[in-house]
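**Student:** These protein sequence lines map, in sequence, to chains A, B, C, D, E, F, G and H.
Going by the numbering used here, the first sequence opens with residue 1, and the numbers climb by one from there.
Going by the numbering used here, the second sequence opens with residue 1, and the numbers climb by one from there.
Going by the numbering used here, the third sequence opens with residue 1, and the numbers climb by one from there.
Going by the numbering used here, the fourth sequence opens with residue 1, and the numbers climb by one from there.
Going by the numbering used here, the fifth sequence opens with residue 1, and the numbers climb by one from there.
Going by the numbering used here, the sixth sequence opens with residue 1, and the numbers climb by one from there.
Going by the numbering used here, the seventh sequence opens with residue 1, and the numbers climb by one from there.
Going by the numbering used here, the eighth sequence opens with residue 1, and the numbers climb by one from there.
These aren't lab readings, by the way, just hints derived from the structure by calculation.
Backbone N, C-alpha and C fix where the C-beta goes; we use that ideal spot for every residue, glycine too.
Certain hints may be false.
Per label pair, the in silico range of CB-to-CB distance [as the list claims (entries may be wrong)]:
(1) P92/H / E133/F: 34 to 40 angstroms
(2) P101/H / L98/F: 34 to 40 angstroms
(3) R78/G / L98/F: 53 to 59 angstroms
(4) N94/E / P83/H: 52 to 58 angstroms
(5) E133/F / K74/D: 32 to 38 angstroms
(6) P83/H / P101/F: 44 to 50 angstroms
(7) P92/D / G56/B: 54 to 60 angstroms
(8) E93/F / P83/H: 58 to 64 angstroms
(9) T42/H / N94/E: 35 to 41 angstroms
Over 12 angstroms on every C-beta distance to chain B, these chain D residues come out as not near it, computed from the model [unchecked claim]:
(10) P38
(11) S43
(12) Q44
(13) Q54
(14) P55
(15) G56
(16) R63
(17) E67
(18) F69
(19) E80
(20) E234
Short, incomplete list of chain H residues facing chain G, as computed with Cβ under 10 angstroms [said to hold, decoys possible]:
(21) G111
(22) G139
(23) A141
(24) G164
(25) M165
(26) L169
(27) A171
(28) V172
(29) G174
(30) G191
(31) A198
(32) N205
(33) A208
(34) P209
Number of protein chains: 8
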Amino acid sequence: MEKALEALRRLPYEDLDFARIDHHRRLRKGFPEVIYCPGKTTSQIVAIARQMLQPGSCVLATRANREIFQAIYKMTPRAEYHPQARAVVIPPENPESLLPPVGSVVLVSAGTADIPVAEEAALVAGLMGSRVERLFDVGVAGLHRLLDNLPLLQEARVLVVVAGMDGALAAVVGGLVSCPVVAVPTSIGYGAGFAGLAPLLTMLNCCAPGVAVVNIDNGFGAGYMAALINRLGERG
Amino acid sequence: MEKALEALRRLPYEDLDFARIDHHRRLRKGFPEVIYCPGKTTSQIVAIARQMLQPGSCVLATRANREIFQAIYKMTPRAEYHPQARAVVIPPENPESLLPPVGSVVLVSAGTADIPVAEEAALVAGLMGSRVERLFDVGVAGLHRLLDNLPLLQEARVLVVVAGMDGALAAVVGGLVSCPVVAVPTSIGYGAGFAGLAPLLTMLNCCAPGVAVVNIDNGFGAGYMAALINRLGERG
Amino acid sequence: MEKALEALRRLPYEDLDFARIDHHRRLRKGFPEVIYCPGKTTSQIVAIARQMLQPGSCVLATRANREIFQAIYKMTPRAEYHPQARAVVIPPENPESLLPPVGSVVLVSAGTADIPVAEEAALVAGLMGSRVERLFDVGVAGLHRLLDNLPLLQEARVLVVVAGMDGALAAVVGGLVSCPVVAVPTSIGYGAGFAGLAPLLTMLNCCAPGVAVVNIDNGFGAGYMAALINRLGERG
Amino acid sequence: MEKALEALRRLPYEDLDFARIDHHRRLRKGFPEVIYCPGKTTSQIVAIARQMLQPGSCVLATRANREIFQAIYKMTPRAEYHPQARAVVIPPENPESLLPPVGSVVLVSAGTADIPVAEEAALVAGLMGSRVERLFDVGVAGLHRLLDNLPLLQEARVLVVVAGMDGALAAVVGGLVSCPVVAVPTSIGYGAGFAGLAPLLTMLNCCAPGVAVVNIDNGFGAGYMAALINRLGERG
Amino acid sequence: MEKALEALRRLPYEDLDFARIDHHRRLRKGFPEVIYCPGKTTSQIVAIARQMLQPGSCVLATRANREIFQAIYKMTPRAEYHPQARAVVIPPENPESLLPPVGSVVLVSAGTADIPVAEEAALVAGLMGSRVERLFDVGVAGLHRLLDNLPLLQEARVLVVVAGMDGALAAVVGGLVSCPVVAVPTSIGYGAGFAGLAPLLTMLNCCAPGVAVVNIDNGFGAGYMAALINRLGERG
Amino acid sequence: MEKALEALRRLPYEDLDFARIDHHRRLRKGFPEVIYCPGKTTSQIVAIARQMLQPGSCVLATRANREIFQAIYKMTPRAEYHPQARAVVIPPENPESLLPPVGSVVLVSAGTADIPVAEEAALVAGLMGSRVERLFDVGVAGLHRLLDNLPLLQEARVLVVVAGMDGALAAVVGGLVSCPVVAVPTSIGYGAGFAGLAPLLTMLNCCAPGVAVVNIDNGFGAGYMAALINRLGERG
Amino acid sequence: MEKALEALRRLPYEDLDFARIDHHRRLRKGFPEVIYCPGKTTSQIVAIARQMLQPGSCVLATRANREIFQAIYKMTPRAEYHPQARAVVIPPENPESLLPPVGSVVLVSAGTADIPVAEEAALVAGLMGSRVERLFDVGVAGLHRLLDNLPLLQEARVLVVVAGMDGALAAVVGGLVSCPVVAVPTSIGYGAGFAGLAPLLTMLNCCAPGVAVVNIDNGFGAGYMAALINRLGERG
Amino acid sequence: MEKALEALRRLPYEDLDFARIDHHRRLRKGFPEVIYCPGKTTSQIVAIARQMLQPGSCVLATRANREIFQAIYKMTPRAEYHPQARAVVIPPENPESLLPPVGSVVLVSAGTADIPVAEEAALVAGLMGSRVERLFDVGVAGLHRLLDNLPLLQEARVLVVVAGMDGALAAVVGGLVSCPVVAVPTSIGYGAGFAGLAPLLTMLNCCAPGVAVVNIDNGFGAGYMAALINRLGERG
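Bound-form chain A, shown alone:
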């Protein structure tokens, strides 16, 4: 134990006064600390991003609007904006530093309106070295659209299912495959969806085993979890 704790104690981080940047997270978790933008000022975000910039790693800012992108872009023109995923990415100087895409993470969305969340998951999983495929607008109200793509589902190593409204897609997909499913409820829907509470509960109560759930609209968390699982398939 001595060694593990020693390692923990010595992990590098940088103190910006309003933020402590965890440079070691890349080593520890396989990915640099992401910047979750809501609640931070644009200048705080830029300052954090600047400290994170390192030749061989990439920086990700989630829930970023165009104004934030432009401020980061001023600092470094390597910055890219992904409008659907509402994310800013600063890729490493040498693109070869990025992990090559392996395995198979399939992103399944119930409706067109769920795509922004699914794209956030796709972006994250891709940056973390996962091969990503998309199967959008296959909600259970038209089951044949889903069944027509069974092989894609059944050959995935891990699935991310993104759905608002009834959230039933997670249960149906969970029953059709034997790989792990990460379910993401979205806040899309009529009144009694209660901003995502309905699909969240549906997914937590999923009859099919092999399904676990992340927070409402949390595409980042789903992509991250899926990438961790997907990477395990490379280990053996």
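Fit chains B, C, D, E, F, G and H to the known structure of chain A by using the hints.
**Tutor:** Leaving out everything else, chains B, C, D, E, F, G and H in the frame of chain A:
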């Protein structure tokens, strides 16, 4: 309007002091007033049932335990107990007074534990003159069990879908048929089912149109609604 | 079963990448797939509508604002805007393709502020071939306004009751008629209405049987369900 | 102000260590402190009741079971048990000390199962000097039972409406009368009644003005409030 | 009963298509139908107000912004705007038609931010013929401000207590007086106030008897209820 | 930092397989680890208590019933049962090991039914070396009972306020004193108390500053917090 | 796609009338259908288990009490009862049919009372061929107990974190490791834990990425998900 | 008691009609009444501030935007704006009137987005005479950032822990220190944070004792409570 209001004003009922029995409901709604047992004493239930007893009609007591059945049975040995549906039925003296079963109400349940609610619905729909069929334990975790029975679903005049946990069966069935679907959430499930809240919200947020919802565990309400709809098919 | 599943597998749909258009739904459910606008970009909506456009069918976009209407209108001047129902309709080229109005769906609203939801239901039921009548602002606080229209209620084949605040209208109407009632809670009301939760619960707990409920403010769902039920009356 | 505060400071109470009995409440509020039994041991209840016993006043213990009654009865055989209202009353030695019944409080209940709560309200209002009338089982599902008793409702000085399930009776009654209505939700009903939450919200969102609400199943509070209001009619 | 029902059936109302104006409410409830503005278009509001205008009565529009006021003012320059209460009043042509103020309704508010709700209640109670007094910003955090005004509280015929945040003022006031208290929770407060849910629950659970509750921020309902109660004191 | 972390790493604990006993907590937090009984088997509880027994320290088991007490008593007859607080205490062999009572923690309860929670707090604060005083049944419905004890309140170093129902006592007391107040909501009350949610929200929304809240019915947590605060007064 | 759908359609299941046993699930999901006992009668459970019994596979009944075990044991003495996990297992006749344990699933529980849920997860993961290790009672209140076991955590292939009360253990563990974490909230705790809602929300809002959540007390679901993920590590 | 009550009655306050300014609070609670801005008009805020202005004391307005600051600044150029804390401070004319900073209140925040709430707490504690230190962005996802600052935590007299999302920081910190911890949940986070409900529940259910909680985003309340506790350490 004069006549309608006049009719309303003159509707017969009987005052038992603790209950006002609405003899006209049979005429007005096609069915005698049902006795919902919880919160009533056994002697109140028996007294209400006694006033309702008429040669040509049938009496139904829902959420009735065996003790209530035995008390009613003492009053009239015509009384029958339906343990799964937790209901007491006193059929009319002349069984021919019951409406003959017509049309097709199909009861679909997601799991074995949902059967008591489904049976309550079946009993009510049957007493109201509907031909009833059952398709139990076809939850979406094993979709082939459901798809294998597609013709039964697609030939129904109205469907009742009973499901706890994720409640996703209503959405899937709703997407496969073109008849009206009455969905009943049940209180079956793990903690975050919150005693039926999860499937209730799932069903209310159902992506497939043509689905309407009744209260948690309310097999009676579902069977009643289904029977009203089913009967319309006989009118034309 | 072979045939049903075969049919399911062969159902046509079109893949727009961000949406899979379910051309078969018209056959399967009696109506083309509707476009639920929230969460979709205007250009996605227009693209979906374009693919759906077929000489003999009509397209419906719900929760559409004027900006969306104008974009669709640019694509086809047949498009009409229904501001109260917040919907865009593209009628078929040949108006005779629309189903002729039959039966009787009566829309009852508790207050003036509930009218947009009621109008959405009316529009949908009408497009699906139902004769529609309206009875607005007859909330239970002035019961005589409702009782004065008893004959209209009692001659309907199916009723849609739209109410916010206490939602009590559904229970009262449910007790006066013998036809099925589809209840729609609205988000109109003071603080403890909790954006429609109060009338939703009222309607789910309705003492009168023969009432089923759709999502808060979901006029579309109510109109659809009512039209399905109403059509049954033509079958016999 | 000097005098009022002086009065406040000098109000008598008695310290039992586990309870401080507020002898002045009779003067201040027109009624002795009531003993709310849940959470108190039987011996605490008896000790409190003993201190409250005074020749000219009456003592009331609410939510009391038979065991509590028997313990109080041992202390004084004047004690009476009201099983429906689940209350123990120790009337004053001289019955003439009770206030004579005046005015008119009408108790209206939606269903038979709501009667215990209504009876608790009736008992309290009666002990506080109100003439009490009962109109039970007149829920809105059979509106004619209610309309048939319009004169009784319209001649009341104050109404108490007790209802579970949809709680709609309060709104309907509120629209028919011009006197104040005190509404009491009860915990009677199916799952989505959420133990009284549904009728509570219905009543709080009541469209008809002139309705105020007390806690779920709180017959005591309703009877007390009604008696205070009723008494005002005697003042003028 | 015949007569009461007859009266009910014959109550006058006016059909504007989108609204049914209940001219009889003034007779039945002592006050004309009020216009609750949210969810209605400005032109609907003006049309309703126009139909309601009668020489001897007054019209009240609640939750009205300045734009609505200006539209009504164009119709009749008698209209007055009460910005704190967010209400438009059109007084009768002959001010003597208003009921003269009698009795005593005291409005007590916990904080300055609760004043708009309190003023709405004051306006309504005043229009309905109650003498109104105000005691603002006497929340329990500084109890001496309240105790210093004990005589005002104790001489009232009915109290309206308006409070957000902890809502504790209702309980404290309820314990100090012997008249009925109408409590109004407001949506003022920090996060866990949940937009008025916290003071709503506080008030419903009030230990002091003689307190009943209306909806969150519902100053109108509180003023109406208080006026009905206050008027009883004139009857005797 | 080196030293602090070193200390952390070396903290002693004992591994019972189903429990890891934290012997250092006494040093770190000033008190041995308490045994929270719910969810543990009696034999687990006894085994944990046995490992904790040390000559100079005392062991506390909370939410313990008599059966648990008897099992512990078999192990050591030093064990004492506190039925009101539902706790078992094993005092140290040498009573002088207990911290001598200093400062002043005053426990204030709104009602008699709140006493068990208050006694749990009193027991814990006492064991942690606080002088404890009790002021029970002084709820705000009879304010003079509270005001009559102002000096006791105002001389305390820290107050614990225990209240169910409306929970208003915390706000009133918080406004009268200048010392810190720890508020404990209890689950006592009628339906809309929702098992302590109502007083919890009241206390969190307390207008008077200087009040912080612990979990529903958590007398242990309140006593612990109060003792920590009280002890600070000895430091200077 | 043809083939996949064909496969789906032909999946074997057995119709017991009240249950449809999905013999193919073993092939499809790597494990036979589990029997979730609540809501099923003992005789239904035994009948389902009998149909599932096959020489080479194992049967699992979750949430089973001793009475259910004894009934199954009567059918086959191979049945074993796991009291902590509240589960019945019927191992295959030939124990070698079980998958040999590979990889590493580490079960971490916050408290002793969380052990039953953790043991259910351990049992399921073990039956599905995972090597399982346990680290119990390492809640964050005594962080050194957790840090002292860092190597065990950091060498796991997948972690299951079981915690009630604050549920904070999932976030802390999630920050220390780079493998996927499956979090299970439990219903252990004081009032405002709301039967597991508190730790459920904590875990869903986990700041550390790489954490996904299953239903409250759902040890089965967590063990299943963990085993699926763990198995991926064998593939490569 | 006489004297205490006398004192209470004579406490000075000033009546502004819309506000009663409690000049005595400074004496009673050690701090002038703070102005909570939401719901008050700018002119009301300025009027209240003007009455509070006294040579030797300071005035604090919380949740104040720049517009409010500018209005106050017009009245007195001594006013300062603290944009992060969203507060206006009017220091006393003679800065020496402020209490000199003593003891040690350490403010710990989980993330950068929680800083505004933490700064509000810091401002308040500082104005009340506490020495304040800050430790920001040390959430549990990177535990080494926290452990690296153990000495700062362990030498504090009282801690304020500010965290949104999972709120787990309070539990972890609570387990590491032996001083009292005041926890403040913030509304920062994804959907299922429900605007601060998630961290609120986490903190209330904190396993580590010695933690009490204030309202969501209530930096003011946390700073006030911490200052009261901190000051006790000076007494002895």
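**Student:** Give a verdict on every hint.
**Tutor:** Now the hints, each set against the structure:
{"no.": "1", "hint": "P92/H / E133/F: 34 to 40 angstroms", "in the structure": "holds, 37 angstroms"}
{"no.": "2", "hint": "P101/H / L98/F: 34 to 40 angstroms", "in the structure": "holds, 36 angstroms"}
{"no.": "3", "hint": "R78/G / L98/F: 53 to 59 angstroms", "in the structure": "holds, 56 angstroms"}
{"no.": "4", "hint": "N94/E / P83/H: 52 to 58 angstroms", "in the structure": "holds, 56 angstroms"}
{"no.": "5", "hint": "E133/F / K74/D: 32 to 38 angstroms", "in the structure": "holds, 34 angstroms"}
{"no.": "6", "hint": "P83/H / P101/F: 44 to 50 angstroms", "in the structure": "holds, 47 angstroms"}
{"no.": "7", "hint": "P92/D / G56/B: 54 to 60 angstroms", "in the structure": "holds, 55 angstroms"}
{"no.": "8", "hint": "E93/F / P83/H: 58 to 64 angstroms", "in the structure": "holds, 59 angstroms"}
{"no.": "9", "hint": "T42/H / N94/E: 35 to 41 angstroms", "in the structure": "holds, 39 angstroms"}
{"no.": "10", "hint": "P38", "in the structure": "holds, 19 angstroms"}
{"no.": "11", "hint": "S43", "in the structure": "holds, 30 angstroms"}
{"no.": "12", "hint": "Q44", "in the structure": "holds, 29 angstroms"}
{"no.": "13", "hint": "Q54", "in the structure": "holds, 35 angstroms"}
{"no.": "14", "hint": "P55", "in the structure": "holds, 36 angstroms"}
{"no.": "15", "hint": "G56", "in the structure": "holds, 34 angstroms"}
{"no.": "16", "hint": "R63", "in the structure": "holds, 16 angstroms"}
{"no.": "17", "hint": "E67", "in the structure": "holds, 19 angstroms"}
{"no.": "18", "hint": "F69", "in the structure": "holds, 18 angstroms"}
{"no.": "19", "hint": "E80", "in the structure": "holds, 20 angstroms"}
{"no.": "20", "hint": "E234", "in the structure": "holds, 29 angstroms"}
{"no.": "21", "hint": "G111", "in the structure": "holds, 7 angstroms"}
{"no.": "22", "hint": "G139", "in the structure": "holds, 5 angstroms"}
{"no.": "23", "hint": "A141", "in the structure": "holds, 4 angstroms"}
{"no.": "24", "hint": "G164", "in the structure": "holds, 8 angstroms"}
{"no.": "25", "hint": "M165", "in the structure": "holds, 5 angstroms"}
{"no.": "26", "hint": "L169", "in the structure": "holds, 8 angstroms"}
{"no.": "27", "hint": "A171", "in the structure": "holds, 4 angstroms"}
{"no.": "28", "hint": "V172", "in the structure": "holds, 5 angstroms"}
{"no.": "29", "hint": "G174", "in the structure": "holds, 7 angstroms"}
{"no.": "30", "hint": "G191", "in the structure": "holds, 9 angstroms"}
{"no.": "31", "hint": "A198", "in the structure": "holds, 4 angstroms"}
{"no.": "32", "hint": "N205", "in the structure": "holds, 4 angstroms"}
{"no.": "33", "hint": "A208", "in the structure": "holds, 4 angstroms"}
{"no.": "34", "hint": "P209", "in the structure": "holds, 8 angstroms"}
When the structure is compared with the earlier hints, no violation turns up for any of them.
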